[in-house]
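Undergrad: Given two chains presented individually in distinct reference frames, assemble the corresponding complex, making use of the accompanying hints.
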Amino acid sequence: MSAMLLNKEKWAEFVGKLAGKTIWAPRTDGEELRFLPLENGEVPEFDYNNTRVPPKQAVFPQTETMFRFQLGTEELEQPQLEEEMIVFGIRPCDARAMAIVDNLFKWDVEDPYYLKRREKTTLVGLTCSDPGLNCFCPSLGGGPASTEGLDLLMTDLGDSYLMEALTEKGETLVAETKDLLDKAGTDAQKNKDTLVKEAEKKINRSIDTAGIPEGLPGLWDHLLWRNVSASCLGCGTCTYLCPTCHCFDIQDETEGFEARRCRMWDSCMFAEYTMHASGHNPRATRQERTRNRINHKYSYYVDKFDTIACVGCGRCINLCPVNIDIVDILKQVKEAL
Amino acid sequence: MDLEQLRKIAAEVVAREDVNYLIGWKQGTYGYRVAPVFIEDPADASELIFSPLCTANLATYLTLVEKPPLPRGQEPDTRKVALMVKGCDSRAVAQLLVEKGINREGVVIIGCPCPGMVDHSLLAEKYPETEDLAEIKWDGEGFLLLRDGEEVKLDRYEVLAEKCRLCRYPNPLVSDILLGEEVEPWEPEEDSGVTEIEDKDIEGRWAYWEEQFANCVRCYSCRNVCPLCYCEDCILDRLNPDWINRSVNFSENTAFHIARAFHLAGRCSECGECERVCPANIPLGRLNRKLAREVRDKYGFEPGLDPEAEPFQASYKPDDPEDFIL
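Residue numbers (the working numbering), protein chains in the order written: chain E, 1 to 337; chain B, 1 to 326.
Only true hints are included.
Straight-line distance between alpha carbons at most 25 Å, and here's what the computed DSS-like set of lysine-lysine pairs gives:
| id | chain 1 | residue 1 | chain 2 | residue 2 |
| --- | --- | --- | --- | --- |
| 1 | E | K201 | B | K126 |
| 2 | B | K126 | E | K202 |
| 3 | E | K331 | E | K202 |
| 4 | E | K334 | B | K26 |
Simulated from the structure, these hints should not be mistaken for lab results. Model, not experiment: these values are computed from the prediction.
Same shape as in the complex, but just chain B (with noise of 0.2 Å):
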């Protein structure tokens, strides 16, 4: 992608009046890091990239935006919010409009056609971080690390994010602003991390999450960054009833993890954004993904396609397959 046209076309949507600020993509303090960017004023839109490294989902901002009391007499600002999508946050974005978390009118989605995104810790592993900003670019099938004046070519698959693997729609299925061409969308690879534990018998699945829940911190990143994830009200913050108690062990962290799991059933976009951000590596995708196929399976629906579509939950189809209904 163009990055002159990117900040070209960010800084006249933000010098838009209607529009508020825009949320994008910026390089981050050190090494391969991306840091999410709020974009107010035109001149800023110099920052923006948008390259390999923009793994992350910025579609969690729409609903993560504080509205603190305003002093007496200060109108809230009801101005748009731009915001950079690429394939998979788009869904998101979709989602959100399917289930009114947010307002059509108040968004302009800019639109990102993603070829693949690189695993940061695959990355890392293979050419380890250093002090020094990198970049990555897109070259070609694979990709091109340029780092300490030195460009060294990167393999598609050597790096490449899961989600990438599995990616179904690397162009944004919601958008207001194209930028560049879409691309050609590849094959995705089946979902191996799923089948894996579908393999598995009854007790192996549980040994296999029970060491996984068993590491979780409660930090609760995952349920942060989760662009779908934002009830006011979350079960996980009430203390009457406390539904999941504060206590950190296998017991209380399966409930949060089933709980969520269940929460996002039918609204999961696949962003793979819980995943990336566990600090303990716990493969929050493939709980989600495992849903995610069951309603695919089951009900032949898949969220986020469509912002005009019905919430699943609250759709009945009298030809549902139900050929799990004894």
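Extracted from the complex, chain E is given alone in its bound form (with noise of 0.2 Å):
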């Protein structure tokens, strides 16, 4: 299908053509600019570069009810995922992040919460025009427009949005709203081309990651992780805010007679992600742990999927609080190779 374009001003009549599905889009709560389900008539903000927490959340809730019950019964109550959503404004960086981990959640079991939601999901993306400080996604393989994992690409042309359908899904999407869509010409193309180029040359850091995957398991014992890590807190803002990370712990509670079985983000950089029930904790230090975090995404990951589990965003670089840097540690990887 070629590629059409949405006038900014039908926005509201657009989003009116998709009733009945959830609309995931970065708007302001409070002062924090985050994805959530729109409500009636509000308006995106497509004007940012990157909300702080990922939009992983729209498939993979940071707690998720698996299944209610009451105590003394053996009843379950499962949760009804038939939601149909729309992901809009994700950057490519995070949808990239969401192909990646998919791989995971479609491994030797298929998780079905996850899955469910993936599959009832369309992504949406918006081409990135300013990168931040700490964005790297060219050395990972993506790009100010990439469009791995995405269903649709819209970028910001001005007065409109460039709307390229990119699986079936993306076209399902234009299908519905083709009314409101123009056809575009090649100058929007062109335009989209320039804005690319001009946003690809905004991004100052990078790392040539060839060597790594295979190089890590030989540095198990080096001293450059002791380095790194002297400093860390071991608090989960790396893994939480990551696109990528996706592990989770399942627990049972109960409030009174009500139970449910439910699974949420856990971090390997908390002591008690790997703590036996003996007591014995076999990453016993904050060194291990984020030894762990690098070969978890630069090799262990690769040797599974095939595919660097890490796409660059810089979220990790940002927002820790004692600066612990992934780019200068991958750096200091390829010098001790």
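TA: Following this line, the structure appears as structure tokens:
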């Protein structure tokens, strides 16, 4: 299907055509910009760099109820995951992250919660025109207009959005709203190309990943881990705000006789993450946990799924309270190889 | 402060046989970032800095230190740890001494009189951070920003951190070595952040905190960065009983933050680190300063001023005002 244009003035009408579906988009909540389901008539904020908390929560909520039950009974009540969702304005890096994480949830055991949501979710990306200070997506194979994981890519061309459908889901969305769309001319495509080139120029940070996945196992006992983790506080900021981090814990929780089994994000940076019932912890210190975080993304995940589990969004660098900088760590890894 | 003097003294301290390492600040990896650094070799003391960007309180590393099981026959290293502190940081150290969380003999405290720190996000908002390392200096009443070969004069109150606006103790209250001259304390501002919430009615306060706590992602950076949150067995990590569920929702998040605030009442040294590190921008300082205000008003007690003091909760004074008891 050819590219289309959506005049910005038609946004409300456009969203109106999608009634019945939950629309996730960036909007300001208090003082914080975050991806949230839009309330009726709410206009998303597309003039942004990226949200601090990644939109992974749309398909992988921080806390998910797997089933509810009454204590003393055997009946389980399962949530229905029938909701159709469209995530508007997701950055190409975050969409790539979802494509990367899909591998895991499809692997050995198919995860019904995640996959059901993914199946019912359309990802509409927004070309990145103003990358942040710590963005390094091109180093990981992404880019300001990367399409991996996306169903449709929107590009802000001033008065209108260029809409390029990439998958069947994307084409369905275009078909549903075709009355409001105009055919895009070649100049629109040209404008997009210029915008992307400008955006690419703004990306300052980079890392050559060649040799890292193969080399990391050999650096197991290297001193660099001690140095890069010395100041680590052991908090979950880097992992919880990472769009590819996907570890979870499962707990039964009760309130009176009401009980639920739920799963929630977990972080390999927490001591209890690997704590055994015996009291033994195979990753006893933050040094081992930091090493695991890098190894998981840049080595183990590559072994299993042939892709690095990092998209270069820069969140862990931006928000680490003590300036632990993954690009800096990777540079040290390269030097040590 | 004279950096040469700082580095020389630090190198001497690290060279001492009874000192294991020194915890200080160094230039970060880009922009305005400053990172904690652990100096074990006197030669590395040249990395140390003390600038208006050294906002972080390093006292947390005294209790965050990990003690993994040692190989058989190996003795634990009992040498002293040297720590650089500003006035607010020294209050945390004093409070740790009061609580016997650390031993006085185990630390060498290097006091840095502090003319006030810059709020990193305020600075970045006004002068966007770039990849290049920038430097900031104290300059008369204000600051001087040096970056990309240019100098920008900054008005003090344009970028001063909130904790410094409220600061009553810019000079270290406990130290073994004092670097440079003590600074003249300035008139602290009234804590309008706390007053703003006190002025709301009950529903207004609830609505305010509900919005804040709903944003919490439970990364626990506030707990981990806090020099006075150092329980070996934190109620947050407990599974049996699970005092606070792992579920992330307003109710559990609120339980977490209230529990933490109460555990810090009469202990918090108001270093503001919890608020600085929060990735969800929750104004945790207001919560802790409210309890500090209560303790100050009702018991006339301020933690971290005297390392010899009795812990607030463990002391009893027959002449307590007690005007809040019916």
